[in-house]
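J.: Listed here are the chains, written in short residue letters.
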Amino acid sequence: MGYLAELVVRGVLLGAVYALLALPMSLTFVTVGSIDFALGAYAVLAAAVGSTVGGLAGIAAGLGAALAAAVAMAAIFAGLKRAGVEEPITISLASFGLAVAIGSLILSIWGTRAFMLHSFDDVWVMLGIRISPQSLINFAIGMLLLALVYLLLYRTGLGRMMRAAAINPLGAELSGIPVTTLQTGTFISGGLLGGIAGLLILFSAGLDFTAGLSLTLSCFGAAILLGAHGPIRAFLGGILMGVVEALSSGLASGAVSAIVPLVVIMIVLALGAVGGVRFAGDRP
Amino acid sequence: MSQGLVARDVVMRFGGVLALDGAAIEVVPGRIVGLIGRNGSGKSTMFNCITGFVRPTEGRIDLDGAPITGLPPHRVVRAGIARTFQTPRVDLRATVREAVLCGCYPLGRCGFVSAFLGLTSAVREEIRLREQADGVLRQVNLAPLGDQQIGKLAMGQVRLVEVARGIAAGARYLLLDEPAAGLTQSERNMLADAIRVVAKSGVGVLLVEHNFAFVRALCETITVLEAGRVLAVGTADEIAADHRVIESYLGSEPAALVEPA
Amino acid sequence: MLKVTAMAVAAGLFASSASNAQSQAPIKVGAVLSLSGPAAVFGLPERDAIEAVVEEINRTGGVNGRKIELVLHDDKTDPSEAVRGVTQVTRDGVVAIVGPSTGSGILAAGPVAERLRVPLLAPAGTASITDKKNSFYPWVFRVAPSDQTDIHKILADIAKDGKRRIGVFYQEDAYGKVGLDYGQQIAKELGLQIVASVSAAYTATDLTAQATQLREAKPDAVFMQISISALGASFHKAARQVGLDVPLYGNAGLAQKSFLDAMGDSGNGVRVLSIGNLPYEPIDPETKLVTLLKARGKTPQGWGELVGSNGLMAIMAAIKAVKGDLSGPAMRDALETICDFPTYSRGKGCFSKEVHDGWGEDVLVITEVDRGRLKTRP
Amino acid sequence: MTYWRARSNTLVLLACATLAGAVAARDPAWLDIAIAIVINALVALSVGLTFGQAGILSAAQGSFAAIGAYTTAILTVRLGWSPWLALPVAIALPAGLGHGLARLVTRLAPLAVALATLTLSAIIEIVLRSWDNLTGGYVGLAGIPSVFAGQPIAFYGLAVGMLALAVLAYENLMLSRFGRGLTTIRGDRARAIADGIAVPGLLSAAFALAAAMAGAGGWLYAHYFSYLSPGSLGTELSISVLLMMVVGGARHILGPVAGAVILGVLAQLLPAQEVQGLFYGGALIVILLVARNGLLGLVRREGTL
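Residue numbers (my numbering), protein chains in the order written: chain G, 1 to 284; chain B, 1 to 261; chain P, 1 to 378; chain V, 1 to 305.
The set of hints was computed from the structure by calculation and includes no laboratory data. Values in this document were obtained by computation on a predicted structure and should not be read as measured data. Where a beta carbon is used, it is the ideal one built from N, C-alpha and C, also for glycine. Hints may contain errors.
What the hints assert, rightly or not - Restraint-style ranges between C-beta atoms, simulated for each label pair: (1) B/Gly22 - G/Leu148: 50 to 56 Å; (2) B/Val17 - G/Leu174: 28 to 34 Å; (3) V/Leu298 - P/Val355: 55 to 61 Å.
Said to hold, decoys possible - In silico contact screen, one side only, chain V against chain P (beta carbon under 8 Å); selected entries: (4) Thr18; (5) Ala25; (6) Asp27; (7) Asp32; (8) Tyr227; (9) Ser229; (10) Gly277.
Based on the provided sequences and hints, a complete structural model is requested.
T.: As structure tokens, this is what we get:
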């Protein structure tokens with residue numbers, strides 16, 4: 001019993017990192033209707049730069065690098081939009097191209113080295129569970145950013161505009177909301193949040209040049225799992241993924257531990273489909 | 001049993017909301033029936049129950065004596081009940097002929113496999129469907145526009161295309177969802193003529209409309225809904241004279257009464 | 001000083017008349033390596049060493065008076081790209097190929113090498129690449145110790161330390177799975193007991209759950225069959241965090257500078273099996289390779305450089321053993337005759353008709369992490 | 001005559017592929033690339049059908065190819081079947097699975113479909129690498145009998161022939177009521193239902209046809225490379241075929257094929273090693289910026305090619 005509880009706690013702490021990346025994923029999805037495949041690459045870039053520069057300056061430099069990459073994505077998005085591209089998949093694939101390019105840049109500058117820094121040497125024992133202070137910091141930052149994003153979306157004028165742009169871009173545009181600017185801003189904020197996630201991973205589990213795409217895919221799962229409707233679902237999706245992963249890798253090994261989280265994703269999706277889909281017919 | 005599309009005692013609950021509370025309507029081949037009511041009176045819900053897009057909580061809908069209650073919507077279409085949408089749902093880049101061809105879908109007999117194998121039967125069937133579509137276009141006077149892109153047509157013509165698409169597969173009943181909305185007077189007249197032609201060919205038409213004048217000019221009988229229940233049924237003139245109807249529905253929009261169709 | 005020695009040795013190895021070198025076209029040698037994708041960890045050092053050694057050979061007059069021209073192809077850690085690479089460099093006229101870097105790349109490229117009649121010098125430990133049942137067996141020569149050899153060596157070290165209950169942490173790929181399968185087999189022979197095994201995907205973000213599971217099994221030591229340094233370092237951190245306070249033993253996959261850098265000072269005491277100890281305590285022929293690499297601005301990473309250069313040096317030895325015209329089949333026949341030829345690594349390389357596994361336990365060393373460096377244990 | 005005029009894509013494909021084959025035949029390396037491109041094109045064609053026409057974003061097409069490939073590999077290596085005998089099974093099995101999968105996923109929201117198919121392909125990959133006795137596990141299956149061994153030009157002809165048949169089937173379908181139905185479903189499901197289309201049924205049929213194409217691609221892969229491992233075909237292929245489709249033009253029948261050619265050639269021409277991703281990613285972004293409807297969109301009006 002104690003062992004299970006320990007795994008759940010570890011899963012929640014892991015899930016907080018997924019949740020951090022799932023947040024920008026759902027923001028982009030809600031305001032642009034598309035997925036930014038480069039999110040994981042921002043995280044790796046931040047970690048790479050952060051570990052090279054080191055210290056507080058490293059944190060700033062890492063965030064700066066991630067932001068710069070996200071600005072590039074925002075520029076690509078603006079360019080695509082100007083060219084008349086509306087298909088979300090085209091935007092997603094352009095971001096995939098950027099992710100590949102960033103991954104390759106990291107490989108040519110830093111090679112195959114692992115990015116990992118150590119923040120705390122001591123371990124806290126809470127309720128009999130040994131926890132690194134770093135994972136608590138990760139969780140706290142995750143909660144904080146969730147709260148900020150929530151307040152931004154639901155308590156500010158900017159958030160109202162973002163949501164309006166998401167529900168009906170054309171209508172929002174017509175009523176004077178700068179939709180393209182908002183969407184571009186969302187891509188850039190993805191760089192900030194992705195960068196923060198990357199730095200937190202740098203100080204906890206570490207990562208290397210291959211991590212970009214798989215981080216993106218995990219967080220894509222987290223963001224979609226409970227329905228891509230907003231930050232809270234995305235965050236909970238991340239936590240759920242973390243818990244399922246921790247339970248399966250703590251209780252099983254090999255193929256079984258790899259397959260269980262995937263099966264859970266399928267089941268959650270199937271359950272969502274049963275209740276959720278009804279054609280609204282024809283009239284609003 | 002009897003000919004006609006008959007809905008009886010239809011009850012529809014959405015969560016706690018009672019959208020329909022024992023509503024009923026009857027459409028006969030060759031006749032045009034109107035269904036009117038205020039916003040929220042349940043006429044759209046009734047429309048969607050008949051076409052299978054929502055499944056009524058209770059009640060019974062029969063098509064020429066056979067029950068169609070709760071059938072999936074595409075089966076309802078195949079059984080002979082066509083519908084249009086209030087906001088036309090069309091691919092603006094498609095041509096008029098292509099759109100009407102889409103409506104011919106249920107006429108196809110060749111299977112999926114023979115289609116992708118490109119068997120002669122499938123090729124022949126395609127020719128037959130095109131002939132059918134051209135026939136429907138002539139029937140509603142759209143033949144000259146066959147190769148036009150829908151995006152370039154006026155709203156009234158788009159509604160006509162929708163009607164043609166609906167009856168292309170030989171529907172015996174046609175359900176029109178606010179077809180006159182947003183049309184100019186001359187477009188309305190053109191549409192009304194087309195609907196009369198369709199009805200004359202033996203199709204039973206159910207018109208869900210907001211514009212009473214349009215309904216009055218077209219329909220032999222009219223059903224008025226109020227809070228999910230039938231408030232009144234009668235000829236156009238009877239309805240126009242019914243004080244309950246005037247109070248409940250027309251009262252709010254007196255202009256609708258006087259405006260000629 | 002070192003440089004001079006290296007030059008002298010190389011000149012001695014490849015003595016030939018300079019006039020001849022001018023008159024003859026260069027000999028083409030292929031390298032199909034994973035220069036991107038997960039196996040780039042090995043492919044890049046392999047390439048660096050091969051390029052450095054080729055440059056050195058050419059600078060000192062070539063082989064048999066002919067220069068060496070390297071034809072490189074990136075297999076992207078993808079078996080089908082490895083096949084394409086072998087086809088392509090063979091088209092360019094190479095007489096032998098170092099690579100592909102991964103076991104699956106070699107298994108995919110084997111039939112093609114057989115068809116195109118060009119030998120592969122395989123820098124991977126996967127057992128089945130030199131299985132005599134393969135139709136392409138005559139064409140594949142292993143230039144690294146096999147996985148069984150590695151695992152036997154490190155488990156024997158664990159047994160020697162008096163540990164009996166072993167936990168296994170392995171990565172979810174061919175390398176990791178082999179570690180688990182052979183580990184179970186060899187442990188039984190050595191009288192060890194595997195009490196638990198846990199695994200992680202390459203890109204697992206957190207390994208505390210795995211470490212917790214191992215902790216619950218109360219092992220005396222944990223054996224890590226890992227080649228991704230980030231994964232190894234992350235597991236090391238997780239183990240300390242959850243209180244899995246037993247000695248950690250890493251297989252050769254973790255003998256990478258990157259693994260030590262990522263662990264920092266906290267990694268002291270972790271044991272790692274390695275092919276030589278190139279980055280930290282190179283011994284005699286290895287020091288020359290270090291010099292060559294540093295001259296090209298490369299920092300030695302681990303054993304990738306050693307197996308890469310072993311592959312190239314086997315080709316050089318075979319070139320010299322060929323009598324008559326150089327060709328793929330002639331090289332293949334010559335490779336089966338060479339033994340104890342000059343290389344840049346410790347241990348002896350030796351091939352024959354019956355033995356295509358050229359290297360044995362003598363290239364392997366047990367090392368211990370000490371302040372971010374690997375110290376060779378006696 | 002009119003029959004073939006309406007099916008110009010197949011003819012264009014055959015003409016281009018013959019020309020390309022004649023050029024590539026001079027150089028074994030380019031012939032090898034050409035064969036790989038045709039195999040990729042077959043899988044890319046399957047996403048063209050599912051996404052470009054039906055609007056369903058499937059990230060499992062690479063896995064369908066893997067299933068086709070493993071089916072034929074197991075039948076030929078373990079049971080000693082002839083590759084030709086295994087071909088119908090390698091096509092039918094993915095088709096059946098695709099049909100079932102479509103029933104499950106087409107009820108989901110579009111992105112959830114992408115997640116579900118991605119997850120499914122991860123599950124398939126784990127099964128392939130764990131079922132040692134059948135699939136050879138991580139190490140994979142070696143010694144799959146070659147078809148036309150030693151005659152790559154003949155194999156190229158076979159691959160082009162299969163691709164042409166797939167394009168023809170695709171084209172036939174688009175010229176029928178089912179093709180119009182798929183286009184309607186992509187734009188507006190309620191409209192499709194009002195046309196009398198059984199949406200799940202039609203989508204499942206289209207999905208099955210697409211999975212069959214991918215399975216055929218897998219069969220070609222297995223008998224060309226003679227070796228198969230869990231990393232050979234799968235998620236990475238699924239993503240690259242999506243790229244091919246968008247680069248070439250999703251709505252155009254030959255779009256995915258054109259994309260396969262362009263990305264396949266590009267990967268060969270770009271500088272290799274660590275920096276290749278920089279160029280590849282950059283080129284991809286530039287292509288998407290320049291040709292918003294794919295490269296074929298620059299040349300042809302939608303629906304004509």
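J.: Next step is simple, just say for each hint if it's right about the structure.
T.: Now for the hints, and whether the structure bears them out:
| no. | hint | result |
| --- | --- | --- |
| 1 | B/Gly22 - G/Leu148: 50 to 56 Å | holds (52 Å) |
| 2 | B/Val17 - G/Leu174: 28 to 34 Å | holds (31 Å) |
| 3 | V/Leu298 - P/Val355: 55 to 61 Å | holds (59 Å) |
| 4 | Thr18 | violated (22 Å) |
| 5 | Ala25 | violated (13 Å) |
| 6 | Asp27 | holds (7 Å) |
| 7 | Asp32 | holds (5 Å) |
| 8 | Tyr227 | holds (4 Å) |
| 9 | Ser229 | holds (4 Å) |
| 10 | Gly277 | holds (7 Å) |
Of the numbered hints given earlier, the model fails hints 4, 5; all others are met.
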